[in-house]
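Enquirer: Whenever a hint applies, use it, and build me the whole structure from the sequences.
Those sequence lines, one after another, are chains A and B. 65 is the number that my numbering gives to position 61 of the first sequence; each next residue is one higher, with no gaps. 144 is the number that my numbering gives to position 140 of the second sequence; each next residue is one higher, with no gaps.
There could be a bad hint or two in this list.
Covered by chain A, according to a simulated footprint, are these stretches of chain B (three or more residues, beta-carbon under 8 Å) [unchecked claim]: (1) 88-95; (2) 118-129; (3) 166-176; (4) 232-242; (5) 255-267; (6) 296-304; (7) 313-323.
Label-pair distances were calculated between CB atoms; the ranges are [stated by the list, open to error]: (8) B:LYS206 x A:ILE85: 54 to 62 Å; (9) B:LYS206 x A:ARG205: 43 to 51 Å; (10) A:ALA33 x B:GLN183: 43 to 51 Å; (11) A:ALA38 x B:ARG320: 29 to 37 Å; (12) A:THR224 x B:GLN365: 55 to 63 Å; (13) B:GLN361 x A:THR224: 50 to 58 Å; (14) A:THR182 x B:GLY371: 23 to 31 Å; (15) B:GLY83 x A:GLU72: 53 to 61 Å; (16) A:ILE85 x B:LYS323: 41 to 49 Å; (17) B:THR14 x A:GLU212: 31 to 39 Å.
Quick caveat, the hints were computed from the structure, so don't treat them as lab data. Glycine is no exception: its CB is placed at the ideal position from the N, C-alpha and C atoms.
Number of protein chains: 2
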Amino acid sequence: MSDLTNPSSTTTLVPYQVLALFAEQVFLAAGSTAAFARITVRNLLLADLRGVDSHGVARLSGYLRLVEAGRIDLTTAGGPIHQTPSTTTWDGQRGMGHVVAQKAMEHAINLADTAGTGWVAVKNSNHYGLAGTYAMMAAKRGMIGISLTNASPLVAPTFGLDRMLGTNPIAVAIPTLTQPTFVLDMATTTAANGKLEVLQRKGLPTPEGWIQDAEGQITTDAGGVQQGGALRPLGGNPAGASHKGYGLGSVVDILSGVLSGAGYGPWVPPFVSFLPLPAMPVGLGLGHFLGAMRVDAFMPQSEFLSRMDHWISSMRGTKAIDGHKVLIPGDQERICHEQRMAEGIPLLPTVLADLRQIGAQFGVSTGF
Amino acid sequence: MSDLTNPSSTTTLVPYQVLALFAEQVFLAAGSTAAFARITVRNLLLADLRGVDSHGVARLSGYLRLVEAGRIDLTTAGGPIHQTPSTTTWDGQRGMGHVVAQKAMEHAINLADTAGTGWVAVKNSNHYGLAGTYAMMAAKRGMIGISLTNASPLVAPTFGLDRMLGTNPIAVAIPTLTQPTFVLDMATTTAANGKLEVLQRKGLPTPEGWIQDAEGQITTDAGGVQQGGALRPLGGNPAGASHKGYGLGSVVDILSGVLSGAGYGPWVPPFVSFLPLPAMPVGLGLGHFLGAMRVDAFMPQSEFLSRMDHWISSMRGTKAIDGHKVLIPGDQERICHEQRMAEGIPLLPTVLADLRQIGAQFGVSTGF
Chain A
5 MSDLTNPSST TTLVPYQVLA LFAEQVFLAA GSTAAFARIT VRNLLLADLR GVDSHGVARL
65 SGYLRLVEAG RIDLTTAGGP IHQTPSTTTW DGQRGMGHVV AQKAMEHAIN LADTAGTGWV
125 AVKNSNHYGL AGTYAMMAAK RGMIGISLTN ASPLVAPTFG LDRMLGTNPI AVAIPTLTQP
185 TFVLDMATTT AANGKLEVLQ RKGLPTPEGW IQDAEGQITT DAGGVQQGGA LRPLGGNPAG
245 ASHKGYGLGS VVDILSGVLS GAGYGPWVPP FVSFLPLPAM PVGLGLGHFL GAMRVDAFMP
305 QSEFLSRMDH WISSMRGTKA IDGHKVLIPG DQERICHEQR MAEGIPLLPT VLADLRQIGA
365 QFGVSTGF
Chain B
5 MSDLTNPSST TTLVPYQVLA LFAEQVFLAA GSTAAFARIT VRNLLLADLR GVDSHGVARL
65 SGYLRLVEAG RIDLTTAGGP IHQTPSTTTW DGQRGMGHVV AQKAMEHAIN LADTAGTGWV
125 AVKNSNHYGL AGTYAMMAAK RGMIGISLTN ASPLVAPTFG LDRMLGTNPI AVAIPTLTQP
185 TFVLDMATTT AANGKLEVLQ RKGLPTPEGW IQDAEGQITT DAGGVQQGGA LRPLGGNPAG
245 ASHKGYGLGS VVDILSGVLS GAGYGPWVPP FVSFLPLPAM PVGLGLGHFL GAMRVDAFMP
305 QSEFLSRMDH WISSMRGTKA IDGHKVLIPG DQERICHEQR MAEGIPLLPT VLADLRQIGA
365 QFGVSTGF
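Expert: And the structure:
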């Protein structure tokens with residue numbers, strides 16, 4: 005993450021508010037309602053604020069091309085199609101993933117209000133940005149939030165050659181008393197695709213175990229995935245227990261895709277509009293799985309929050325290897341968020357040019 | 005796993021039924037009820053059948069010493085102390101983990117019957133054996149089962165020196181139509197402690213990234229943990245994304261321990277009776293988190309089962325690296341189960357001697 009939080013001299017710092025206003029106007033011009041544009045942009049830019057540059061405005065043109073191609077409908081959040089007291093299946097109706105997931109997670113939270121927990125399987129959705137965004141919605145309400153999504157195939161199963169799974173992230177957000185919220189937000193691969201892109205841009209090799217080449221051999225060439233290779237599951241190689249990363253990515257795919265009625269495995273629709281949709285689809289769009297658990301469904305809220313603070317301070321206070329310290333999941337992203345909210349969001353020249361072109365296309369002034 | 009499924013020439017094959025009868029009689033002699041002895045032994049020996057030798061009868065004497073020390077009460081399964089429609093907090097009342105978790109998972113399944121999903125946080129329990137055991141209970145009922153537990157501290161957080169977390173496993177079992185049940189059952193470390201013990205016994209080094217020494221440096225000495233080192237979280241080292249394994253182990257600890265009212269982190273009671281209980285406990289015993297989700301709370305059961313079969317056959321059918329094939333989580337354990345049910349369970353001389361001594365102590369004939 006550190007290589008993302010230090011803006012290099014080639015980036016331009018743009019204030020969050022300026023970038024958000026621009027992006028909202030673009031979504032309005034592209035046909036979004038005011039409310040949906042606001043939700044989309046807040047969730048989209050949260051990735052930029054938290055330092056996950058691959059999932060923020062750098063993807064804006066990609067989303068807009070999917071709108072043009074008719075694969076994203078900016079006017080709907082979808083809705084429930086099947087329910088029990090603690091579950092709902094949600095048809096996203098090809099809506100923008102950020103809006104669909106926001107509404108589906110609000111629904112999960114409402115289920116939890118009455119049933120103790122709420123679980124929403126979403127089909128027919130699109131890329132929803134940063135998984136943690138929706139888990140954090142529950143934590144803000146004092147609940148434990150869980151957010152899973154499948155994604156277009158980039159990952160080979162252990163011993164496999166083909167890209168059969170997405171980077172399928174797991175996000176869990178847990179509320180606290182005075183400590184910052186615990187936010188685990190991780191791809192089930194060794195490295196997320198965005199980190200690879202950073203190394204590619206810099207012409208640097210990857211650490212071993214991130215990717216394999218077209219023959220399935222470990223490579224440190226950051227361009228290996230583009231040349232017919234694949235990302236490796238968390239663990240990196242069989243001796244490092246990559247079958248565990250593959251297993252976790254599989255569970256995410258099954259809950260998000262198989263259980264919801266969405267596409268799954270290699271049938272998850274591609275993010276890029278120039279690639280065709282799967283010829284023999286097994287479901288509708290991509291899928292998410294969202295959960296909210298009321299803490300006081302298990303123990304008094306105040307007691308849990310105190311225990312979480314103690315858990316966190318114990319981990320922070322443990323002895324560390326010289327020159328290092330033990331972090332809590334979410335620490336780095338939170339620090340980046342505070343810094344970028346104060347100083348602005350660093351945009352690479354390519355991203356800046358992309359946004360200016362979008363502005364020209366939609367008749368919206370960038371303001372930067 | 006393969007090094008466990010091939011009984012070496014030094015092991016003795018004991019038929020499952022013979023071993024189970026012996027173990028049941030021991031638990032009866034130690035004060036268990038007939039019903040609880042049956043549950044305990046079935047769940048305990050499932051580890052031996054599935055090739056996880058570290059969690060089966062090799063631990064029998066350890067459990068019995070905890071009974072003698074008054075830390076395990078063989079006469080209770082505990083019961084619910086707090087409920088909502090989809091959740092329960094369960095006080096294990098120091099019962100045998102295998103019995104407590106069995107009853108708590110049955111309760112989760114009952115909750116799911118009415119609420120769609122059921123989630124049970126368990127405190128005041130003991131080591132429950134193989135995590136997958138309880139997840140598979142739900143899958144046998146056509147539900148998705150989830151089983152998490154914390155465990156006594158052996159794992160250092162990324163950049164940490166101290167053992168702050170257990171190997172905290174994640175198990176997920178998913179029902180299928182004609183394919184074998186999908187069973188992910190994994191420690192959130194690179195290697196489970198049992199695999200280290202196997203290498204130690206053979207005098208072999210570990211692959212890099214399994215453990216660190218007392219200074220926090222990677223070591224391949226299988227005895228490193230005993231010499232003040234620690235297990236490394238899944239990912240192995242920071243470049244391999246060990247912060248993800250640390251994050252997953254943390255979530256398991258928080259759901260199992262912090263949320264239930266059990267001990268957590270370094271305050272989880274030790275498995276061995278000769279180590280004292282934590283001086284300033286933060287909760288009661290160790291904790292589990294068990295979940296059951298009705299598939300038909302999301303989509304028609306038959307449709308889901310067909311989709312799962314298709315998911316599995318697609319993964320099995322994908323191109324593999326020369327000389328290898330792509331496996332489905334649970335394949336190796338299931339094959340081992342079938343083999344050992346037919347041929348017997350291989351016991352090492354040390355385990356055999358241990359069991360004979362237990363037989364003498366409790367006046368039970370081993371029959372082998």
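Enquirer: Against each hint, give a clear statement of whether it holds in the structure.
Expert: To see whether the hints hold, each was checked on the structure:
| no. | hint | in the structure |
| --- | --- | --- |
| 1 | 88-95 | holds (count 5) |
| 2 | 118-129 | holds (count 6) |
| 3 | 166-176 | holds (count 4) |
| 4 | 232-242 | holds (count 3) |
| 5 | 255-267 | holds (count 8) |
| 6 | 296-304 | holds (count 6) |
| 7 | 313-323 | holds (count 6) |
| 8 | B:LYS206 x A:ILE85: 54 to 62 Å | holds, 55 Å |
| 9 | B:LYS206 x A:ARG205: 43 to 51 Å | holds, 46 Å |
| 10 | A:ALA33 x B:GLN183: 43 to 51 Å | holds, 49 Å |
| 11 | A:ALA38 x B:ARG320: 29 to 37 Å | violated, 49 Å |
| 12 | A:THR224 x B:GLN365: 55 to 63 Å | holds, 57 Å |
| 13 | B:GLN361 x A:THR224: 50 to 58 Å | holds, 53 Å |
| 14 | A:THR182 x B:GLY371: 23 to 31 Å | violated, 59 Å |
| 15 | B:GLY83 x A:GLU72: 53 to 61 Å | holds, 59 Å |
| 16 | A:ILE85 x B:LYS323: 41 to 49 Å | violated, 36 Å |
| 17 | B:THR14 x A:GLU212: 31 to 39 Å | holds, 36 Å |
Of the numbered hints stated above, those contradicted by the structure are hints 11, 14, 16, listed in ascending order.
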